[in-house]
Amino acid sequence: MYCYQCEQTTRKDGLLGCSQGPGNCGKTEETSDLQDLLIHALKGIAQYDKRARDLGAGDDEAAAFILYGMFTTLTNVNFNPSRFLHLLKQASEVRDRVKSGYERAAAAKGAEVETLSGPATWEIPTEPASLQAQAAIAGILTGADDVGEDVIGLRALVLYGAKGVAAYAYHALMLEQESGEVYAGIEDALDFLAGEPRDVDALVGKALGLGTLNLKVMEMLDAGNTGKFGTPEPSAARISHVPGKAILVSGHDLADLAALLQATAGTGINVYTHGEMLPAHSYPELKKHDHLVGNFGGAWQDQQKEFATFPGPILMTSNCIIEPAPSYKKSIFTAGPVGWPGLRHIENHDFSTLIKAAQAMPGFTDEPEKQEITIGFGREAVLGVADKVIEAVKSGAIKHFFLVGGCDGAVSGRNYYSDFVEQTPKDTVVMTLGCAKYRFNKMDHGDIGGIPRLLDIGQCNDSYSAVQIALALADAFECDVNDLPLSLIISWFEQKAAAVLLTLLSLGITGVRLGPTLPAFITPTVLQMLVDNFDIKANTEAADDIAFALAG
Amino acid sequence: MSETHTITLVTEDGKEERFACPDDVDILAAADAAEITIPAVCRKGTCGSCRGRCKQGDYELRSFSDGVLSEADRERDEVLLCQTFPKGPLTIEVPVDHAQLVAGPAPEFTCQVVANEALGGAVRRLSLKALPDEAGTLNSSFEPGQFMELQIPGTEATRAYSLANAPNWEGELEFLIRLQPSGLFSSWLDEKANPGDTLRSRGPKGRFTIKEGSLAPRRFVAGGTGVAPMLSMLRQMSEFQETHDTRLYFGLNTEEEIFAMSELDELAASLPNLSVEVCIWRPGPDWQGFSGSPVDALREDLVSDLAKGTVPEVYLCGPPGMVNAALATIDEVGLPYENVFSERFVAN
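Chains A and B supply the protein sequences, listed in that same order. Per the numbering used here, the very first residue in the first sequence carries number 1; after that it's consecutive. Per the numbering used here, the very first residue in the second sequence carries number 1001; after that it's consecutive.
The set of hints was computed from the structure by calculation and includes no laboratory data. Keep in mind it's a predicted model, so treat the numbers as computed, not measured. For every residue, glycine included, the Cβ atom is placed at its ideal position computed from N, Cα and C. The reader is advised that the hints may include incorrect statements.
To be verified - If you want the footprint, here are the derived chain A segments under chain B, 3+ residues with CB under 8 Å:
| # | stretch |
| --- | --- |
| 1 | 77-84 |
| 2 | 325-333 |
To be verified - Distance condition first, Cα-Cα at most 27 Å in a straight line; then the derived DSS-like pairs of lysine-lysine:
| # | chain 1 | residue 1 | chain 2 | residue 2 |
| --- | --- | --- | --- | --- |
| 3 | A | K329 | B | K1308 |
| 4 | A | K305 | B | K1205 |
| 5 | A | K12 | B | K1015 |
| 6 | B | K1308 | A | K89 |
| 7 | A | K329 | B | K1044 |
| 8 | A | K399 | A | K330 |
| 9 | B | K1205 | B | K1044 |
| 10 | A | K330 | B | K1308 |
| 11 | A | K330 | B | K1129 |
| 12 | A | K356 | B | K1211 |
| 13 | A | K388 | A | K356 |
| 14 | A | K305 | B | K1015 |
| 15 | A | K330 | B | K1015 |
| 16 | B | K1055 | B | K1044 |
| 17 | A | K287 | A | K228 |
| 18 | B | K1211 | A | K305 |
| 19 | A | K287 | A | K370 |
| 20 | A | K329 | B | K1205 |
| 21 | A | K330 | B | K1055 |
| 22 | B | K1205 | A | K356 |
| 23 | B | K1211 | A | K89 |
| 24 | B | K1129 | A | K356 |
| 25 | B | K1087 | A | K329 |
| 26 | A | K228 | A | K305 |
| 27 | A | K370 | A | K305 |
Unchecked claim - Here are the simulated distance ranges between beta carbons:
| # | chain 1 | residue 1 | chain 2 | residue 2 | range |
| --- | --- | --- | --- | --- | --- |
| 28 | A | P368 | B | L1306 | 57 to 67 Å |
| 29 | A | A136 | B | E1300 | 26 to 36 Å |
| 30 | A | T365 | B | E1170 | 45 to 55 Å |
Kindly generate the complete structure, drawing on both the sequences and the hints.
See below:
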């Protein structure tokens, strides 16, 4: 195995990347290799379907399979090697179908059938041992001796960006939002990678192109969420529990949550959100359910401790799962792209076993003092008071905006973000999204003339909302986004964040501060390029970075 | 005067737990006193539940039943903790995770008899339903391969039986029990047990569970009702749609003893990569299947697997004689010991 796709990858003695199982996420060598091979197989599907699509005969079902397959390989999503055997078998069948579809479309149009090579022609074995023996063809470092580490790193940037875009597109698809343009974009990126590109400008261009595509995907996701669940509104989310049987829902998939709320209506079971599901409490069509009672716990990396104390079953709908502790292993269920060996996987929103588990387990028996936090400052809520905000900026009551958001994680350097927010001057506003907010969202930050100093925009999936707020403010102040009194302090962990970063760069946003450490796949040369073109900065000390932002 | 020594338990997940043990107290009893829960049932050296491997230190191993620890086990310094008395500080590997050691004792709950059916071959299927406790909680969750201790109604005596059904949240517990002439539990089952009767249960216990996350072929070797935990494992594999190359060698003495074939046929239909070989030790003239012990059948396949470079994982459950014979065979053909998972059952 070799994997350096996430922020917690090994950085030891000058060597980068997890090259021995288990990786720092807990994934075994076998699973890591099978994930690389699945990506290889998906490239093969993309090679054919891109060409079929160019002829007007794209196979959207195959493209949706690519989204799902890519999502399973994100950090902390699927650790089950059996699942990857299934997916590789399926990939082989899908590729055969897409290949035939391409050939038929070419014949119908009188176009020449291109002879493809690489992943398109890979004979996918079915036996685990044979697959393992071929792992080297799909390794992320394959060809490094030939093309050098910068090209390998840029290929990784394109691949990880594409993984993030695919994951968001999968979330959108679960909300019945799909687009041929997005499928074409993802297939194009995979086809590009299948050709083993080595031109640095082309690689950078493709990465930024994925950033542009991701803006479209996040717009679809936003439309899916608001279309189905209404516009998020400032809301109180309970963070203390109530007596009764209980189910905890983690991950990001609001469609799964909505289906579960319907399935549990009238059962007496209370549903709690965990981690990135917190914004559910701000959507009218979700919060209308009385049995969506509150939020439990914090960010993903604390789940082993927190899930162990939850007295009901847990549903993990997307990233981020980590190894279940024995105490709750029998009562954690997976859905969608998620998997862990030995856990029960829920298909097609059939929550019957989950509900039985909730009824069998103790639930909460006590009622601690009620505690709430305020969330739900999506773009509508913020722009709804735009006049007030603009006035506050003009009067000098608000001096600066910070967007402190992204992923949380376990490394000690992440206290930078709580330090940062705590030290922001009282005449500044902090917008946040993603699970990084759990480091500071339970503190009282006060308000500026009725505008809360901490505005929780939502999930990492709601980055679109943040971009729209920034663009609207720029519009109101008749300036460029980069000229706004706004600093972006982005905490990354995995590939969704890579896609969001590419989106920011594709919008020409400069000066993003990226931490807690820079991606291991960004080589010094590539970093210099990002610094030169986008003024990307690494974290230093929170106080210094605040002073720098305010001075600018 | 007794002397007290420090016992260090090393768990499967590489953690350590220390406690003190006087030299006239067995390790299991001292662990109990320190509120450390080591899986154990009989506490008298006959069931083999409390196995460990002594890595370091001197100890005295007192009496245990034949077959519970083989000579090969003893050469690896495997011990039964209920019969192990320290002569100095000891470091012992125990095949459980740390969380299990400190999780407290297994829950006790009341079950109701749902059905008591003859399956053929003097084997009964006892179906129980766990009843919720006063707070409305069911405490009957288990993993495939684990067992429960059932208390014989009207007595203080308990017997341990493996669960044969897949884990579920309805409190359903299924056991396959061969009636033993003049056996205490057998007598109750044969003569008294009726739907609606209640009995106490404690568990789950045991660490004979499936190695999750592995893609290696699985070979299950069962002697008689030793097939019960394997049925549980196979049923979960079927629910999880696992596609491992899987073989079950189901050993019985005679054709008359055959039972649970409809359950196995059902599994073979839902697990396309499962093959079931019924192995009859003393077949009649009309027997068309494999003649011999399941260990003989395993040996043939293991040799050919290993020759192809296939390294399967082997699960053994049955009487000590069968398990020990299988272990000897596995050793002989050169399958790594870490690929073998076993449980012996011993009649009380």
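Against the structure, the hints:
| no. | hint | in the structure |
| --- | --- | --- |
| 1 | 77-84 | holds (count 4) |
| 2 | 325-333 | holds (count 5) |
| 3 | A:K329 - B:K1308 | violated (36 Å) |
| 4 | A:K305 - B:K1205 | holds (24 Å) |
| 5 | A:K12 - B:K1015 | holds (24 Å) |
| 6 | B:K1308 - A:K89 | holds (23 Å) |
| 7 | A:K329 - B:K1044 | violated (32 Å) |
| 8 | A:K399 - A:K330 | violated (51 Å) |
| 9 | B:K1205 - B:K1044 | holds (17 Å) |
| 10 | A:K330 - B:K1308 | violated (36 Å) |
| 11 | A:K330 - B:K1129 | holds (19 Å) |
| 12 | A:K356 - B:K1211 | holds (26 Å) |
| 13 | A:K388 - A:K356 | violated (49 Å) |
| 14 | A:K305 - B:K1015 | holds (17 Å) |
| 15 | A:K330 - B:K1015 | holds (22 Å) |
| 16 | B:K1055 - B:K1044 | holds (23 Å) |
| 17 | A:K287 - A:K228 | holds (13 Å) |
| 18 | B:K1211 - A:K305 | holds (24 Å) |
| 19 | A:K287 - A:K370 | holds (17 Å) |
| 20 | A:K329 - B:K1205 | holds (16 Å) |
| 21 | A:K330 - B:K1055 | violated (31 Å) |
| 22 | B:K1205 - A:K356 | holds (23 Å) |
| 23 | B:K1211 - A:K89 | holds (23 Å) |
| 24 | B:K1129 - A:K356 | holds (14 Å) |
| 25 | B:K1087 - A:K329 | violated (38 Å) |
| 26 | A:K228 - A:K305 | violated (33 Å) |
| 27 | A:K370 - A:K305 | holds (22 Å) |
| 28 | A:P368 - B:L1306: 57 to 67 Å | holds (59 Å) |
| 29 | A:A136 - B:E1300: 26 to 36 Å | holds (35 Å) |
| 30 | A:T365 - B:E1170: 45 to 55 Å | violated (22 Å) |
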